[in-house]
Each structure stands twice: as structure tokens, then as C-alpha cells.
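All chains should be built: construct the whole structure from the sequences, respecting the hints.
Just remember that the working numbering sits 4 ahead of the position in the sequence shown, which is counted from 1.
FYI, nobody ran anything at the bench for these hints, they're computed from the structure.
Among these hints, one or two may not hold up.
Simulated crosslink set (DSS-like; lysine-lysine; CA at most 27 Å straight-line) [claimed, not checked]:
| hint | residue 1 | residue 2 |
| --- | --- | --- |
| 1 | Lys144 | Lys155 |
| 2 | Lys151 | Lys7 |
| 3 | Lys111 | Lys151 |
| 4 | Lys111 | Lys155 |
| 5 | Lys144 | Lys111 |
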Amino acid sequence: MLKSDEEYMQYALELASQAQTQGEVPVGAIVVHHGIIIGEGYNQVIGHHDPSAHAEIMAMRDAALHLGNYRLPDTSLYVTIEPCSMCAGAMVHARIARLVYGASEPKAGVVHSQQQFFEQEFLNHRVEYLGGVLEAACSKQISDFFKARRKT
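What follows is the structure, encoded as C-alpha cells:
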């Protein structure tokens, strides 16, 4: 059983590497419930021909199957990059208690980069969040991927 935010994020980074080996943008995510990983995922939008197959969505789908419920109360979601609006909205609907992310996403991140999604008053659920966990490693993984992609 893993314990710290850094250990969980390290596992999410390993999942992101799986995405990269499949030609996907390297983003990995896990869902943790009472210290146990109950869901995991990585970007699979290309392979699944599914624009919603982001790492966070895949991890929440896996966790929901594990719990037998689309609601995921008392869970934490770890993801290597700041979530987009689709994924942040899904976290609210799933009732994720806590989000931990690695690198900021200046173009599409909605936790703090482009907006403060979870601070909107109309939301019926609040997600606690922490950014910057293993930020350098998460940022390097994705920036190295795009640098290599631009060379080809």
C-alpha cells in the first residue's frame, strides 16, 4: 500500500509512460480510496477513438466499476497534469473528495491556470485540490514528449 502524495504521483507517472508507448499524450491518473488504488488510467483518446478517454476519466471509470457506483465519495484522484474542464466536471459529478495534480497546464488547465473551476459558487460539490506534486518530473515527461513529437 502506498502512503504519500509523492508515491501515488510516481505511480501515475508510470501509467503516463504506458500512454506514451502507445503514441498517446503521456498523462496518467489513479483513484485512491482509504489508501488503496481502486482505479487507474492513462490517456487513450487515439487508441479508443474517444475524445473523452482522458487519464482522469479512465481512472474514474475503473474506480466506479470497482465500487459498483458512479459516485466516488471519500476518494482522491491523482493526475500528472492539471485537469481540463471535462475532467474537472466529471470529478464534481463523481463526488471526488480530493484532487492532486503534478504539472500546471497553461493552455487548458482549469484548476488554477485558465480558471478556478472548483471555486464556482453554483457547484453542488467541492473538490479539495493540491497542485505541484512531483511537478518537475510531470512537466518534464510531457514537455519531452512534445519536443520529440515536433522533431518528427
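Here is how each hint holds up against the structure:
With a C-alpha separation of about 16 Å, the suggested pairing of Lys144 with Lys155 holds against the 27 Å cut-off. The straight-line distance between the Cα atoms of Lys151 and Lys7 is roughly 33 Å, outside the 27 Å bound, and the hint therefore fails. In summary, the hint linking Lys111 to Lys151 is supported, as the alpha carbons are separated by about 16 Å, within the 27 Å threshold. Our distance criterion of 27 Å between C-alpha atoms is met by Lys111 and Lys155, whose separation comes to about 21 Å.
Restraint check for Lys144 and Lys111: satisfied, since their Cα atoms lie roughly 16 Å apart, inside the 27 Å limit.
Checked against the numbered hints given earlier, this structure breaks only hint 2.
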